[in-house]
Amino acid sequence: MVKSGRTHLMDATPVTLGQEFGGYAAQVRYGIERLNASLPRLAELPLGGTAVGTGINTPPGFSAAVIEEVARATGLPLTEARDHFEAQGARDGIVETSGQLRTIAVGLTKIANDLRWMASGPRTGLAEISLPDLQPGSSIMPGKVNPVIPEAVLMVCAQVTGNDATVAAAGASGNFELNVMLPVIARNVLESVRLLANVSRLFADRTVDGVVADRERARSTRSPPRPWSPRSTSTSATRRPPRSPRSRWPSGRPSVRWSWRAATSNAATSPSNSSTRRWMSCG
12 MVKSGRTHLM
22 DATPVTLGQE
32 FGGYAAQVRY
42 GIERLNASLP
52 RLAELPLGGT
62 AVGTGINTPP
72 GFSAAVIEEV
82 ARATGLPLTE
92 ARDHFEAQGA
102 RDGIVETSGQ
112 LRTIAVGLTK
122 IANDLRWMAS
132 GPRTGLAEIS
142 LPDLQPGSSI
152 MPGKVNPVIP
162 EAVLMVCAQV
172 TGNDATVAAA
182 GASGNFELNV
192 MLPVIARNVL
202 ESVRLLANVS
212 RLFADRTVDG
222 VVADRERARS
232 TRSPPRPWSP
242 RSTSTSATRR
252 PPRSPRSRWP
262 SGRPSVRWSW
272 RAATSNAATS
282 PSNSSTRRWM
292 SCG
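Numbering (our numbering), first residue to last: 12 to 294.
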């Protein structure tokens, strides 16, 4: 379905709905790739470093034997930390993973917001798509359908972003040979994993799978004459000031560009508006 592209929230050259959703799918795919790339460093255990990372009082081979047993019992690809001093004095591996979770949350925020915008309306919004009716109606507007799942996604992503800020602050709080903030780091990372896993499934099953495109609406929004053309870069355009695009838009709305200039010019030259002149001179 061909529809109007948008940049700066303004109409731009056409795109297809499939191209937009392809971009969303790529965001999710790349986010998973980044997260998976961080897991080997997350799986390094400082077990056996004892108090300060030297391994004092630990029998030879203790770390490798215990980690091998833990890996067998859990089925996880756990390994011994390559440097116990780094692994105990800092928690950079977990901080990295938390950052990748935040990146996924940032991508989901963009996707959820775009879907809300495209489904806005139905009369005064974009209304290019419709979302599944999960909570139709309200106490005073019976026909109103709110995008409740995208809004839940936005709240989860805000929480994950906040969790990552906590993890970053805690990760920076290691002193010498030990970072004592591991409990709060673990708590926030585990919550981020749980929240993103749950809301991603919910978003895919209850919203994305039920998106319906409105072809007639998309056709109507790209059909009216445009006030500009991608090819309007002739040399004549550089020899005279262009008219405001809004003054040529077939909506009957007056242009405000020259009215604003006139108003500010009058305000700046009026003797009674010294405070206005000071405000304008600042910026």
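Because the hints were derived from the structure by calculation, they are not lab data. A few of these clues could be false.
Pair ranges (Cβ atoms, derived) [to be verified]:
| # | residue 1 | residue 2 | range |
| --- | --- | --- | --- |
| 1 | Lys155 | Gly110 | 18 to 26 angstroms |
| 2 | Val195 | Arg226 | 45 to 53 angstroms |
| 3 | Lys155 | Ala23 | 26 to 34 angstroms |
| 4 | Gly173 | Asp22 | 29 to 37 angstroms |
| 5 | Val39 | Gly173 | 16 to 24 angstroms |
| 6 | Gly29 | Val117 | 20 to 28 angstroms |
| 7 | Lys155 | Arg52 | 45 to 53 angstroms |
| 8 | Thr172 | Arg233 | 28 to 36 angstroms |
| 9 | Gly154 | Gly34 | 39 to 47 angstroms |
| 10 | Leu193 | Arg226 | 24 to 32 angstroms |
| 11 | Arg52 | Val191 | 19 to 27 angstroms |
Small disclaimer: the values here were computed from a predicted structure and weren't measured. In this text, a Cβ means the ideal position worked out from N, Cα and C, and glycines have one as well.
Here is what the structure says about each hint:
1. Lys155 x Gly110: 18 to 26 angstroms: violated (38 angstroms)
2. Val195 x Arg226: 45 to 53 angstroms: Holds, at about 51 angstroms.
3. Lys155 x Ala23: 26 to 34 angstroms: Given about 30 angstroms between the Cβ atoms, the range holds.
4. Gly173 x Asp22: 29 to 37 angstroms: Cβ of Gly173 to Cβ of Asp22: about 35 angstroms, so the range 29 to 37 angstroms holds.
5. Val39 x Gly173: 16 to 24 angstroms: Check passed, 21 angstroms falls within 16 to 24 angstroms.
6. Gly29 x Val117: 20 to 28 angstroms: About 23 angstroms separates the Cβ atoms of Gly29 and Val117, which means 20 to 28 angstroms holds.
7. Lys155 x Arg52: 45 to 53 angstroms: holds (48 angstroms)
8. Thr172 x Arg233: 28 to 36 angstroms: Because 35 angstroms falls inside the window, the suggested range holds.
9. Gly154 x Gly34: 39 to 47 angstroms: violated (32 angstroms)
10. Leu193 x Arg226: 24 to 32 angstroms: Distance hint for Leu193, Arg226 is violated at roughly 54 angstroms.
11. Arg52 x Val191: 19 to 27 angstroms: holds (21 angstroms)
Violated hints for the displayed structure, listed by number in ascending order: 1, 9 and 10.
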